[in-house]
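Trainee: Please arrange chain U on chain R, whose structure you already have, making use of the hints.
As given, the protein sequences belong to chains R and U, one line each in that order. Per our numbering, the very first residue in the first sequence carries number 1; after that it's consecutive. Per our numbering, the very first residue in the second sequence carries number 1001; after that it's consecutive.
It should be emphasised that the hints constitute simulated quantities derived from the structure, not laboratory data. For every residue, glycine included, the Cβ atom is placed at its ideal position computed from N, Cα and C. Treat the hints loosely; a few may be bogus.
Stated by the list, open to error - One-sided excerpt, in silico: chain R residues whose CB lies under 8 Å from chain U:
#	residue
1	29
2	53
3	65
4	72
5	74
6	90
7	119
8	129
9	131
10	137
11	159
12	163
13	176
Residue strings, one per chain:
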Amino acid sequence: MPDYTSDEIMTVVAARQLANGCVCFVGIGLPSAAANLARLTHAPDIVLIYESGTIGSRPEVLPLSIGDGELAETALTVVSVPEMFRYWLQGGRIDVGFLAAAQLDRFGNINTTIVGDDYAHPKVRLPGAGGASEIATSAGEVFVMLRQSARAFVAKLDFTTSIGYAEGGDSRARFGIPGKGPTRVITDLGILTPDPRSRELTLTGIHPGVTVDQVRAATGWALRVADTLEITKPPAAAELSSLRDLHARTKRAHGEVAA
Amino acid sequence: MAKLTSLADAVATQIHDGDTIAMEGFTHLIPVAAGHEVIRQKKRDLTVIRMTPDLVYDQLIGMGCVKKLIFSWGGNPGVGSLHRFRDAIENGWPHPIEFEEHGHAAMASAYAAGASGLPFAVLRGYLGSDLPKHNLKIRTIECPFTGEILAAVPAIRPDVAVIHAQKADRAGNVLLWGIVGVQKEAVLAAKRSIVTVEEIVDDLGAPPNAVVLPSWVVGSVCCVPRGAAPSYAHGYYARDNAFYKRWDGIARDRETFGAWMRCNVIETGDFDEYEARIRAHADA
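Okay, chain U solo, but in the shape it has when bound:
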């Protein structure tokens, strides 16, 4: 059964140095507050998985939490590069990281395979692409019925899945809607999970067929309003596109990045304090 707890407690008890963690969210509902808490608690040697690593992964990489990244698109959408991600791969700063690269179709299928308890995913993918030459985990399999050669990739089975959702009830059942990405698959594929939510309610009011994660598949539930900002929570607040543009300037330079992280993440106690500081800077 899910345990309702503070985010600091959930990260301290569920995430250990050396773990494999999927902090998922496809533009929407990105678990930013949880990522910050991982940085504050100085977790190290993490293998981090994400289809679309964005700002919070840039921060995890730049702050030295990451040993290995498994991903399929690493950029600041509509803006440009993730500078900390690039600096790590191009220059080995703050230390060299390993990376395993896929396409979206394969990663989405690999999460579904993980949730299904299967060892691998199969897809008609990577035809003619150079990626399989460099990622030796992308292999082929012959269809036993038609003889067609298809791509196979190992299932994703993280130690911990971390997601953000709109609502949980007091028993820890979780409801999310809008662009739901691969979050259901990530939680079902993982051994443990942390879900931050906008609010905790008496009654979820989930329509049939809604994306609901029952309490008994969820580890920790933490109430963190605005915990996905600067991404967004459908029905609660909009994506802060202006901040995504500002991030480009903050992350481009190692020292500017370090100072920003110290001031806004390391030296703040929680996400409320972080947001207050960000707002104060924006108004200044």
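Isolated chain R, as found in the complex:
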């Protein structure tokens, strides 16, 4: 048995994707944990930007929301939300947009809007786009992070909230989209990257102890697998302890304020 959980290796591997010094627009939840782990380990000069307007946040604990006080108090500066979306995101200042997803298809298109086939009367109403529909197009590139299951990795999205590679090939280009799109998808089972020509997400990395059959079973389409599959380096002791300390600090901070 490994000495780490599948969520832990996902977060550690996702953190490793972020280069030191890059400017990252951080989605809430899983991406926020990974982006802050990167900052606390190999990428101390990473610039974390949250859509609430905080630029250069260095939170001690993970925020529960996208606008916790911790993000503002530790930021280099805080700008208004219209400024954030107009000058900083649309203005092309973001290297990496880091998103989560409820559903993802083989071309990296994302649904966070509804489950079901009737938009007006959905089976499950999800929160919606938030900033994601423009992060997906205006960020230099996009990383996506989510747990892999056949329910989330679907053959056909119920709704396209945020565009990936559209129908594949160069079909994204016809929308006049400035950003490159989802260049990697990090899951609890491995890493998927788009095929250079078809843009179909292909399994190129797999976590230690995970089998290709397991990944196929957790994917709702016939998954393409790279000829040479890279096996992820397991989390190092320093990465794990940083992540666990971060989660422990966060737990204490979120529990300590009584109503």
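Mentor: Same frame as chain R, now just chain U:
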């Protein structure tokens, strides 16, 4: 000029059934006390606007105040669903509501357009998204200089903007800081406004370039300490993340929700009494 008044008086005189209201706050400085007063006064048929409808919008929807919701992200951040919002859209409870859905970039720009006195906002947005297929107010416009096709959305022009801020002075000038969201734009876009504040001071002490709303663009100013709780007021109190987690259990069930609202909001006279009751429950 802003009128310093009680919150009950401000809501009674400024908000009418059928109005379009933007109660803004981006995680920070959410006008919770004002939302409760709208619920206590049983306002109906409201069109409510908010980029990030959260707990207080869940309460307004569940208590039947809302006819239509205009929004860009409806959830309990970091926790999960807004159950009353979902129940209204999925099952039409307590009655069906209309909704108009955007993304954050468009709504932020639509507020700025409203504040600017423009009819619409333009942005490079919604590329490849399905949202424009369902929200027919999302349209396109060709740039007259480059020919680029861009998204256009109508300006937001609420009847009333409702926000919470840290301070006002005795003349009704308002100062806010920290995560300031779209509150300045919302007030400047609206015909009328209500601002609740943590405290009223002799001198605002606002540095140049601070977010200040001069008295002459503000309608009512009401002193409601802790009026943004369980969200937070930077420099005054922290976000009560534990309560956001508890809300999930309270709002999940229609009856539990109704009982909670009756006990803590309907049967309390004001926000002080509400907070005392919430604290008593938490200690019990």
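Trainee: A separate judgement is required for each hint: does it hold in the structure or not?
Mentor: Here is how each hint holds up against the structure:
Hint status for residue 29 of chain R relative to chain U: holds, with the closest Cβ pair at about 7 Å, below 8 Å. Interface restraint check: residue 53 of chain R against chain U, minimum CB-CB distance 6 Å, threshold 8 Å, status holds. A distance limit of 8 Å between C-beta atoms decides the matter here; for residue 65 of chain R the minimum to chain U is near 3 Å, and the interface restraint holds. For the restraint placing residue 72 of chain R at the interface with chain U, the shortest Cβ-Cβ distance is roughly 5 Å, inside the 8 Å limit, so the hint holds.
Taking 8 Å as the C-beta contact cut-off toward chain U, the hint placing residue 74 of chain R at the interface is violated, the least distance being around 12 Å. A hinted interface residue such as residue 90 of chain R counts as satisfied when its beta carbon comes closer than 8 Å to some beta carbon of chain U; here the least separation is about 6 Å, so the hint holds. For residue 119 of chain R, the shortest C-beta to C-beta distance to chain U is roughly 5 Å, which falls under 8 Å, so the interface hint holds. Nearest Cβ of chain U to the Cβ of residue 129 of chain R: about 4 Å, under the 8 Å cut. The hint holds.
Proximity of residue 131 of chain R to chain U holds as hinted, the smallest CB-CB distance being about 4 Å (cut-off 8 Å). Because the closest C-beta pair between residue 137 of chain R and chain U is about 5 Å apart, less than 8 Å, the hint holds. A least Cβ separation of about 5 Å between residue 159 of chain R and chain U falls short of the 8 Å threshold, and the interface hint therefore holds. With a least beta-carbon distance of about 3 Å to chain U, the hint placing residue 163 of chain R at the interface is held under the 8 Å criterion.
The interface hint given for residue 176 of chain R holds, since its Cβ lies 7 Å from the closest Cβ of chain U, which is under the 8 Å cut-off.
Figure legend: structure checked against the earlier numbered hints; the only hint not met is number 5.
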